[in-house]
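Enquirer: Sequence:
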Amino acid sequence: MRIRLVFGLLASLLLMPSALAMPQVRVRIYAVKDVYEFKMGGTTLRSIWFLLGAQPDTVESSNLHLRRSGAMVQGNTDGTWRSADSIRVEADQPVATEGPSGQRRSYPGGFTLAPLGATELLVVNRVPLEDYVAGVVNAELGKYLGRELWRAQATVARTWWAANRRKYAPLGYQVSDDVRSQVYHGWPADSTRRFNLIEAAFSTEGLLLYRADTNAFVETLFHANSGGELMPAAWYFKPSAHLVNKPDSFSLDCPQTYWVKRIPSADWIRFFAQTWSVSSTNESLRQAVFSIEQDSRREFLEWNGNKIRFRLLRERFGLRSSWFSTELEGNEVLLHGRGNGHGIGLSQEGAWRMSQLGYGFRSILEHYYPGARLSDLQHSGL
Numbered sequence: 600m601r602i603r604l605v606f607g608l609l610a611s612l613l614l615m616p617s618a619l620a621m622p623q624v625r626v627r628i629y630a631v632k633d634v635y636e637f638k639m640g641g642t643t644l645r646s647i648w649f650l651l652g653a654q655p656d657t658v659e660s661s662n663l664h665l666r667r668s669g670a671m672v673q674g675n676t677d678g679t680w681r682s683a684d685s686i687r688v689e690a691d692q693p694v695a696t697e698g699p700s701g702q703r704r705s706y707p708g709g710f711t712l713a714p715l716g717a718t719e720l721l722v723v724n725r726v727p728l729e730d731y732v733a734g735v736v737n738a739e740l741g742k743y744l745g746r747e748l749w750r751a752q753a754t755v756a757r758t759w760w761a762a763n764r765r766k767y768a769p770l771g772y773q774v775s776d777d778v779r780s781q782v783y784h785g786w787p788a789d790s791t792r793r794f795n796l797i798e799a800a801f802s803t804e805g806l807l808l809y810r811a812d813t814n815a816f817v818e819t820l821f822h823a824n825s826g827g828e829l830m831p832a833a834w835y836f837k838p839s840a841h842l843v844n845k846p847d848s849f850s851l852d853c854p855q856t857y858w859v860k861r862i863p864s865a866d867w868i869r870f871f872a873q874t875w876s877v878s879s880t881n882e883s884l885r886q887a888v889f890s891i892e893q894d895s896r897r898e899f900l901e902w903n904g905n906k907i908r909f910r911l912l913r914e915r916f917g918l919r920s921s922w923f924s925t926e927l928e929g930n931e932v933l934l935h936g937r938g939n940g941h942g943i944g945l946s947q948e949g950a951w952r953m954s955q956l957g958y959g960f961r962s963i964l965e966h967y968y969p970g971a972r973l974s975d976l977q978h979s980g981l
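Under our numbering, think of the first position of the sequence shown as 600, with each following residue one higher.
Hints in this document: simulated from the structure, not taken from any laboratory. Every value quoted in this text rests on a predicted model; they were computed, and no experiment measured them. Note that the Cβ used here is the ideal one computed from N, Cα and C, for glycine as well. Please note that the accuracy of each hint is not assured.
[Stated by the list, open to error] With a straight-line cut-off of 35 Å between C-alpha atoms, the simulated DSBU-like cross-links for lysine-lysine are:
#: 1; residue 1: LYS632; residue 2: LYS837
#: 2; residue 1: LYS860; residue 2: LYS837
#: 3; residue 1: LYS766; residue 2: LYS845
[Said to hold, decoys possible] Ranges of calculated distance between the beta carbons of each label pair, as one might list FRET restraints:
#: 4; residue 1: GLU636; residue 2: ALA815; range: 41 to 47 Å
#: 5; residue 1: LEU744; residue 2: GLU719; range: 45 to 51 Å
#: 6; residue 1: LEU744; residue 2: MET621; range: 24 to 30 Å
#: 7; residue 1: SER848; residue 2: PRO655; range: 56 to 62 Å
#: 8; residue 1: PHE899; residue 2: ARG746; range: 26 to 32 Å
#: 9; residue 1: GLU901; residue 2: THR791; range: 48 to 54 Å
Using the sequences and the hints given, assemble the complete structure.
Expert: Take a look at the structure:
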């Protein structure tokens with residue numbers, strides 16, 4: 600009975616009427632993988648085969664195996680391979696797929712497949728916006744649960760897509776499924792989790808974060824944990840009135856608040872010596888870089904008229920964040936750090952803590968994007 604109820608509620612959410620025409624998202628899946636073959640099944644598939652000089656041909660099947668062959672896409676539905684310039688696939692239910700290295704995922708919406716480069720397939724998932732948002736929340740938040748947390752992340756994900764939807768338009772899609780855009784791996788297999796994700800998306804349907812004084816979108820950056828203090832956007836990107844330096848006590852005492860890393864002291868001092876063209880035995884330099892103190896976030900490390908951004912040190916040494924202090928311990932430099940990620944915008948662990956304390960998604964968004972205006976799609980021009 601419970602299983603029937605969950606699937607009934609899921610179906611009602613998927614079929615509920617909307618006052619707004621829902622945009623379609625074109626997301627390249629397996630964007631960081633080499634895709635040579637792709638399999639689909641699990642529901643009735645309607646594939647439309649396009650071939651130059653011929654009328655499109657529609658085939659209905661329960662499965663479809665695709666691969667690259669020369670300059671063409673080849674598909675197999677009944678044991679026979681046939682070629683096309685591109686193939687469009689439609690389905691009324693989520694599609695079970697198998698991608699590179701046998702990875703199995705379930706995707707809502709349809710697909711477009713075309714040649715990519717000399718040997719690969721371009722696989723684009725065409726998915727209604729709110730279904731895409733539900734998938735992003737699932738992938739980006741992972742184990743962190745909470746309706747208001749998910750609703751906040753849904754609004755952030757939707758706004759990010761709206762602001763960046765033309766990022767890859769010349770390549771035939773809007774966004775990728777990896778960290779260059781937002782992580783998106785379709786829908787989870789667990790039906791209860793899937794229902795809750797879709798509910799979080801549809802309960803905030805169409806809501807976007809706008810700048811206070813214009814109809815421009817807020818750049819809804821987010822990260823894992825701020826360490827207790829948010830970084831202003833200007834330290835990494837361009838300035839924003841809604842991405843500012845401020846305390847974030849909600850991110851304290853979370854799993855990713857603190858970190859420690861050891862680096863060979865010779866590697867550490869060599870980097871600064873080479874960067875600033877000075878001897879690695881310079882005692883003043885050694886004192887400066889082996890005893891860094893950041894009680895609060897700083898943009899630059901400065902020494903003797905030289906300076907370097909802490910974010911560059913993070914990138915060079917693969918650190919969790921740019922907020923750290925150092926001490927020399929034997930032949931190693933010990934880094935005591937705070938936070939995980941760039942520290943700009945929404946802290947996912949901080950938002951999770953806020954939701955556990957009873958804050959609603961609007962309060963979460965106001966804390967992390969102060970002064971931003973929440974409105975719907977009809978004001979966006981999408």
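Enquirer: Each hint needs a verdict: does it hold in this structure or not?
Expert: Here is how each hint holds up against the structure:
no.	hint	verdict
1	LYS632 with LYS837	31 Å, holds
2	LYS860 with LYS837	30 Å, holds
3	LYS766 with LYS845	30 Å, holds
4	GLU636 with ALA815: 41 to 47 Å	42 Å, holds
5	LEU744 with GLU719: 45 to 51 Å	37 Å, violated
6	LEU744 with MET621: 24 to 30 Å	26 Å, holds
7	SER848 with PRO655: 56 to 62 Å	58 Å, holds
8	PHE899 with ARG746: 26 to 32 Å	41 Å, violated
9	GLU901 with THR791: 48 to 54 Å	53 Å, holds
Violated hints, listed in ascending order, are 5, 8; each of the other numbered hints is respected by the structure.
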